[in-house]
Structures are given as structure tokens and as C-alpha cells.
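Given chain A, put chain B in place with the hints provided.
If you read the protein sequences in the order shown, they are chains A and B.
Quick note on numbering: the numbering used here labels position 363 of the first sequence as 363, and the sequence is numbered without any gaps.
Quick note on numbering: the numbering used here labels position 22 of the second sequence as 22, and the sequence is numbered without any gaps.
Worth flagging that the hints you see were computed from the coordinates, not collected in a lab.
One or more hints might be untrue.
As the list claims (entries may be wrong) - Listed next, the in silico EDC-like pairs over lysine to aspartate or glutamate satisfying Cα-Cα at most 20 angstroms (straight line):
id: 1; chain 1: B; residue 1: LYS86; chain 2: A; residue 2: GLU341
id: 2; chain 1: B; residue 1: LYS77; chain 2: B; residue 2: GLU95
id: 3; chain 1: B; residue 1: LYS158; chain 2: A; residue 2: GLU348
id: 4; chain 1: A; residue 1: LYS224; chain 2: A; residue 2: GLU388
id: 5; chain 1: B; residue 1: LYS228; chain 2: A; residue 2: ASP227
What the hints assert, rightly or not - Not close to chain B: a few residues of chain A, all C-beta gaps over 10 angstroms, as computed:
id: 6; residue: GLY10
id: 7; residue: LEU17
id: 8; residue: MET46
id: 9; residue: PHE79
id: 10; residue: LEU168
id: 11; residue: THR221
id: 12; residue: PHE368
id: 13; residue: ARG390
Note that the structure is predicted; figures quoted are calculated from it, not measured.
Where a beta carbon is used, it is the ideal one built from N, C-alpha and C, also for glycine.
This is what each chain is made of:
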Amino acid sequence: MEVQFAKIEGKSGPFYLATGLLAGLGLAGVYATYLMHEHGIYLSGMTNRVPWGLQIAMAIFYIGLSAGSLVVSGLYGIFGKAEYKPFARIAAYLAMLFLIAGLLSILTDQGRIDRVFVEPFTHFNASSMFSINPSLYSGHIMICVIYLWALFKEKGKLTKIASLTVCLWAIGTHTGTGAIFAFVPRELYNSPLLPPSFVAAALSSGAALMILVIVTLFRATRRKIDDDLIIWMGRRLLAVFLLCALYVMLIENVHRVYLMASREAGLFFLFGGFHSVLFWGGLIFFGSIVPALLLFIKRTGTSIPWIVFASGLVVFGVLCERFLIVVPGLIHPPDLFPGMEITRSVIEEGIVQYSISFLELLQALGVFGIIGFAFLVGLRVFPLAPKEARAEL
Amino acid sequence: MNRRKFLKKGGMVLSGTVCADGLLLLTSCNPSETTKENRLSRHKWGMVIDLNKCKPECTACMEACRQENNVAFHGDKRWDIHWIRKVGIQERHSENAGEKMIPMLCNHCENPPCAQVCPVQATYKRDDGIVIVDHHRCIGCRYCMIACPYNARFFNYKDDPDWPNKSYPKRSHGVAESCHFCAHLLDQGKRPACVDTCEKIGVKAIYFGDLKDPNSEVSQLIADTPLKRIRADLGTEPKVYYKGL
Numbered sequence: 001m002e003v004q005f006a007k008i009e010g011k012s013g014p015f016y017l018a019t020g021l022l023a024g025l026g027l028a029g030v031y032a033t034y035l036m037h038e039h040g041i042y043l044s045g046m047t048n049r050v051p052w053g054l055q056i057a058m059a060i061f062y063i064g065l066s067a068g069s070l071v072v073s074g075l076y077g078i079f080g081k082a083e084y085k086p087f088a089r090i091a092a093y094l095a096m097l098f099l100i101a102g103l104l105s106i107l108t109d110q111g112r113i114d115r116v117f118v119e120p121f122t123h124f125n126a127s128s129m130f131s132i133n134p135s136l137y138s139g140h141i142m143i144c145v146i147y148l149w150a151l152f153k154e155k156g157k158l159t160k161i162a163s164l165t166v167c168l169w170a171i172g173t174h175t176g177t178g179a180i181f182a183f184v185p186r187e188l189y190n191s192p193l194l195p196p197s198f199v200a201a202a203l204s205s206g207a208a209l210m211i212l213v214i215v216t217l218f219r220a221t222r223r224k225i226d227d228d229l230i231i232w233m234g235r236r237l238l239a240v241f242l243l244c245a246l247y248v249m250l251i252e253n254v255h256r257v258y259l260m261a262s263r264e265a266g267l268f269f270l271f272g273g274f275h276s277v278l279f280w281g282g283l284i285f286f287g288s289i290v291p292a293l294l295l296f297i298k299r300t301g302t303s304i305p306w307i308v309f310a311s312g313l314v315v316f317g318v319l320c321e322r323f324l325i326v327v328p329g330l331i332h333p334p335d336l337f338p339g340m341e342i343t344r345s346v347i348e349e350g351i352v353q354y355s356i357s358f359l360e361l362l363q364a365l366g367v368f369g370i371i372g373f374a375f376l377v378g379l380r381v382f383p384l385a386p387k388e389a390r391a392e393l
Numbered sequence: 001m002n003r004r005k006f007l008k009k010g011g012m013v014l015s016g017t018v019c020a021d022g023l024l025l026l027t028s029c030n031p032s033e034t035t036k037e038n039r040l041s042r043h044k045w046g047m048v049i050d051l052n053k054c055k056p057e058c059t060a061c062m063e064a065c066r067q068e069n070n071v072a073f074h075g076d077k078r079w080d081i082h083w084i085r086k087v088g089i090q091e092r093h094s095e096n097a098g099e100k101m102i103p104m105l106c107n108h109c110e111n112p113p114c115a116q117v118c119p120v121q122a123t124y125k126r127d128d129g130i131v132i133v134d135h136h137r138c139i140g141c142r143y144c145m146i147a148c149p150y151n152a153r154f155f156n157y158k159d160d161p162d163w164p165n166k167s168y169p170k171r172s173h174g175v176a177e178s179c180h181f182c183a184h185l186l187d188q189g190k191r192p193a194c195v196d197t198c199e200k201i202g203v204k205a206i207y208f209g210d211l212k213d214p215n216s217e218v219s220q221l222i223a224d225t226p227l228k229r230i231r232a233d234l235g236t237e238p239k240v241y242y243k244g245l
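Bound-form chain A, shown alone (with noise of 0.2 angstroms):
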């Protein structure tokens, strides 16, 4: 049976204050971010020591949730799941609309925006991974272009090319995403694992969100959806992808305690301060070990509502383990004088604290703001959303 796709209507009192208030927060980033560069950027919470933060933090969370997006496109395009078919316009959508985030929370997070537009174009580095990686960021949107436009004119065979290509190229960007971190030598990022740990951090995050958009979508538009569709991708999917990802986070911190060389860095980052907390608690216990336990039980992994539930928990705890993967390595200091110890000095040295302020939170929420808005009136505008999705076609 041909699947039916409509715009939805966009007229009701919701719709209109879901899309005021995201683009009064995309409005709030734009003013955080022009203080910011007005005045410098001290006003956010990064120091000499922790160069990297927040914003840095979301990029590499959002530039995983298009990963998982993409997946569940590609179930349709790739292995021509047809019941998947009525998901996979919105799911190529969002990919293409959280690569977009991911750009826009790096490029509001450097010193001189005025140049980004010319300077890695005339003086491209290739050994330079934050050179690369945007390549294959703009090259993975326009990939993701070809492939709606696939999508929307219903060309079997493009489909399947163009989402074949842009699942290898997916492939590709998480790893260049993780290498930025893991290429550089630094006790806690330095890390082969790091890569394809992220990799499959991102298939799960973007699985959940999935789960998380189609259900509200389907439901908020009282459009008719097949509870074993949404099952499969809970049980099936989600729960690899999340099995997946913590095992090899979990080889990646034994490895790291095991040898002597990183341990201290290693106990650092499990029992060593408030991102502890985030690592035991926001990622391992609510953001893993919870979920997996809905998704398994066949009580609560049939409901749709635990999946839900069980899928807000996975993405709550993918953006833990992006902060992770970023912020505790800075925090932690490189070992300058191995076997000594640092008694005095005018910068900081040794373990140093880093907090959120005030305005870095509102450009992160204004990046929010912006692909909310995109994804809200893209629904209005294209017809995205199918008028229902059933198990058997």
C-alpha cells in the first residue's frame, strides 16, 4: 500500500506557542552569543585551562543524534524495511537539522566568528581533524539533501544509493568527530576507543530521540501509528545500539585503570568529582543500565510509554557522556613532571573546576531554539510526516 504523506496543519494555539518560544530562545542564543563576542568570551564558563566547554559539549551531542536518525531512515532505504517508510522523510530531515546544530554550536563557540567564513577555506589544514571534520559535516548535510529529495520524488534506486551513501558517510563523521578528541595527546582523550565509542553512542542517542519525536509527532498530530513498529525499534534496535555502546565504554575505562600510566587519570575520571556523579549516575545508571532494563522486560519493553520513557533516559544520558568526553580531560591537568608534583604557580595547575555560566547556557539553548524552529515549520512546509504508519503494508 502506498504510503500517504501530508504537511500537518500548523494553525492550532500549541503550534504557535511551541514555535514562538523556540525562536524567542533561538533570539536569546543570538543576543548571548553577540555579548559574548562584544565583550569576550571569559563571559562563558571556560578558562585558559578548560578552552573547551558547553557549546563544544552539544556540537559532538547533536552531531550523534543525526547518526541514529539516519539509521532508522536507512531501514527503509537500505534494507527496504517498507513499514519503515512512513519515518524515514522526518528521520533524513532531522539528521540533516541536528548537523546543522552541531555547526552552529561550534561556529558560536570560536573566538573570531567574522573569519570562520574564510580562513579554513584559504588556509585548509588536512592533518587537522577540525579541518576535516567540518568537510564531512557540510558533505553529510548535502548528502542528506540528495537523499530527501530521493525520498520525496520516490526514486527507488536514488534511495537506496543516496542512503547507503549517507549511512558510510555517517560512518565516517562520528569517527572524525571522535578523533578530534582522541588524536590529541591528553590523558583522557587520548584513546583508539574513543572513536568508535562514539559511534555507537550516536547510533543509540539517535535511535532514542527517534523513538522520542515519532511518538510525540504521531501522537500530538493524532495521526495512527502502529505500536510494534515503535516495539521493534525499542527492543531490536535501541537496545543493541545501547549494549553496543556501553561495552565499549566499558573496555575503554578498564583499559585505562588497568595500565599504570593512566590510571590516576583513569580513577580521576570514575571516582574523581562532580562529573563522577554524571558518569555513574546520568550515564551508567538512568542513562544505561535503567533503559536497557524497560527495553528487556517484556512488560514494560511492549508499552509504549516505558519505551518513551526508557528513550528520554538514553538520550538524558548520550548528553552526560558527550560532557564526558570533553570536559573531564581538560580539567584533569596534562602530567608536566611525571613523578613530581606541582607546588606553586601563577596559572592553574593541577585539577581545576569549570562551571556553566549563564550566558553559555542560553547560546546552547538558542541553538535548541533555532532547529526546533527549522523542524516545526519544516513540518508545515514539506510533507514530512506520514498520515499513519502500520506494522503490515
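The following block gives chain B in isolation, referenced to the frame of chain A:
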């Protein structure tokens, strides 16, 4: 604009961006890798710091550097910039260990991780081995600070109203910086401000010279004295050596 036009135009713009990126990736080259003989490549600048002579509480080198290079100071450790700083160290888990004060600065690594990661080649290694930042090109991404294993790079988080040396430019907020061995003075045949000051006050703990010249003071010291470099095990090949570390 209808959907068809939007997708067509969007696709064209993005294809252009990616093709341009791809072309740059294929054609890019690292200017620091040039092998042509030139005025700079005849030298390879290096430094030796004698910790036995350096006085623990003396900060003359730090002051001279700040005055010469207009290095920003805000009175807040989080954002203060120190191209050269003194760090107190002592042996871990040792009660009777004495403290040593180590002047630390950019090591002007032969394999600088900061230049390797800079996405716009704003940080690069000159042919005379000096690692320097082009402040007119830096986009302020701070990746160099992440990659530097010595905490030797700093960021201008805000502007400093002071401008002691009017013959040398100030940096605006939003760009990274670090010691450049006073390259502007070297280019005039002079020595770095810290080296000059240390000698002027009669301490002479900092030696500076050409590592390519076997008769230079630094080359002689490196040949004849047991010297150490900070974290040389990382493979960065620092060009700042320490005596008595």
C-alpha cells in the same frame, strides 16, 4: 520559493561547499614543510635554562616578557596570560624534597601538536624552528590549547587596556597566543626580552642561540652538559633544555 526550487538551490550551494573543501584537501600543503634555503632556515633557535642559577623568587623574565610583548594581565588566574611562567615542583610523596622553580614557556617543538591541529594554519613553525601564531588568521577555536601538552598556550578571553610597548601590537580578544622567542626582536638581530633581562640583572640563567651553529653557547651546553627537556617522551622534540631539572 517552492520545495523543488529550495531543494535544487540548497543542493547546489552545499555541493559547491563540499567540492571546494575537497579541492582544498587535495591541494593543501603545509608551508612549514618547505625545504628551500632562506634567511630563516639558516638558523634553528633553541634555549637552555640553568635552574641552578635561576633564583626561585625572581620574576624578571616574566615582567620583561609582559612589557615587551604586551601580554594581557587581568589579575585572575583563569584568564591571565603568561608566555613565560614559573612553576614550583617537588618530588611526589617525599617529605624532605626541596622545591624547584622552573621557568616554563612554549617549547617550540620540532613536531608541534598545536600547529598540527590548527584548522587554519594560523599556528605554524617558521623555518628557523619558532612556533608562532598569525593573530590575523586565528579563528579562536582553541584546539591548539587542547593539543599542547605543556599548558603553554593561552587565549585572549578579554581585552586588556594596558599597552606598555607601543612599538609592538596588542592582540584583540578571541585569538590564541604563546611565546614566540620574541621573533620580532630576533628578526632585528636582537635577543628575546627574557634572555636579555636575565643577563642584565646579573643572573644569566637563560642561554639562547642557534642550534645549527655548533659553536653557539647553547650548542656547546647541549653537547657538554647533561640537560633535560620537559616530556621529551611525547615525541614533540622540545627546543627548550633545562640544566639541573
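Hint by hint, here is what the structure shows:
1. Taking the CA atoms of B:LYS86 and A:GLU341, the gap is near 14 angstroms; set against the 20 angstroms cutoff, the hint holds.
2. A C-alpha spacing of about 28 angstroms is found between B:LYS77 and B:GLU95, which places the hinted pair above 20 angstroms, so the restraint is violated.
3. A threshold of 20 angstroms between alpha carbons decides the hint, and for B:LYS158 with A:GLU348 the separation of about 17 angstroms falls inside it, so the pair holds.
4. Distance hint between A:LYS224 and A:GLU388 is fulfilled; the C-alpha atoms sit about 5 angstroms from each other, no more than 20 angstroms.
5. Between the alpha carbons of B:LYS228 and A:ASP227 the distance comes to roughly 67 angstroms, so the proposed pair goes past 20 angstroms and is violated.
6. Taking the minimum C-beta to C-beta distance to chain B, about 16 angstroms, the non-interface status of A:GLY10 holds against the 10 angstroms cut.
7. Taking the minimum C-beta to C-beta distance to chain B, about 26 angstroms, the non-interface status of A:LEU17 holds against the 10 angstroms cut.
8. With a least CB separation of 7 angstroms from chain B, A:MET46 falls inside the 10 angstroms interface cut-off, contrary to its annotation.
9. At the 10 angstroms boundary, the C-beta of A:PHE79 stays outside the reach of chain B, the nearest C-beta of that chain being 25 angstroms off.
10. Every Cβ of chain B is farther than 10 angstroms from the Cβ of A:LEU168; the closest lies at roughly 15 angstroms, confirming the non-interface assignment.
11. Under the 10 angstroms C-beta cut-off, the non-interface status given to A:THR221 relative to chain B holds; the minimum distance is some 20 angstroms.
12. With a cut of 10 angstroms on Cβ distances, A:PHE368 stays outside the contact zone with chain B, its closest approach being about 22 angstroms.
13. Residue placement check: A:ARG390 keeps its beta carbon more than 10 angstroms from all beta carbons of chain B (closest about 26 angstroms).
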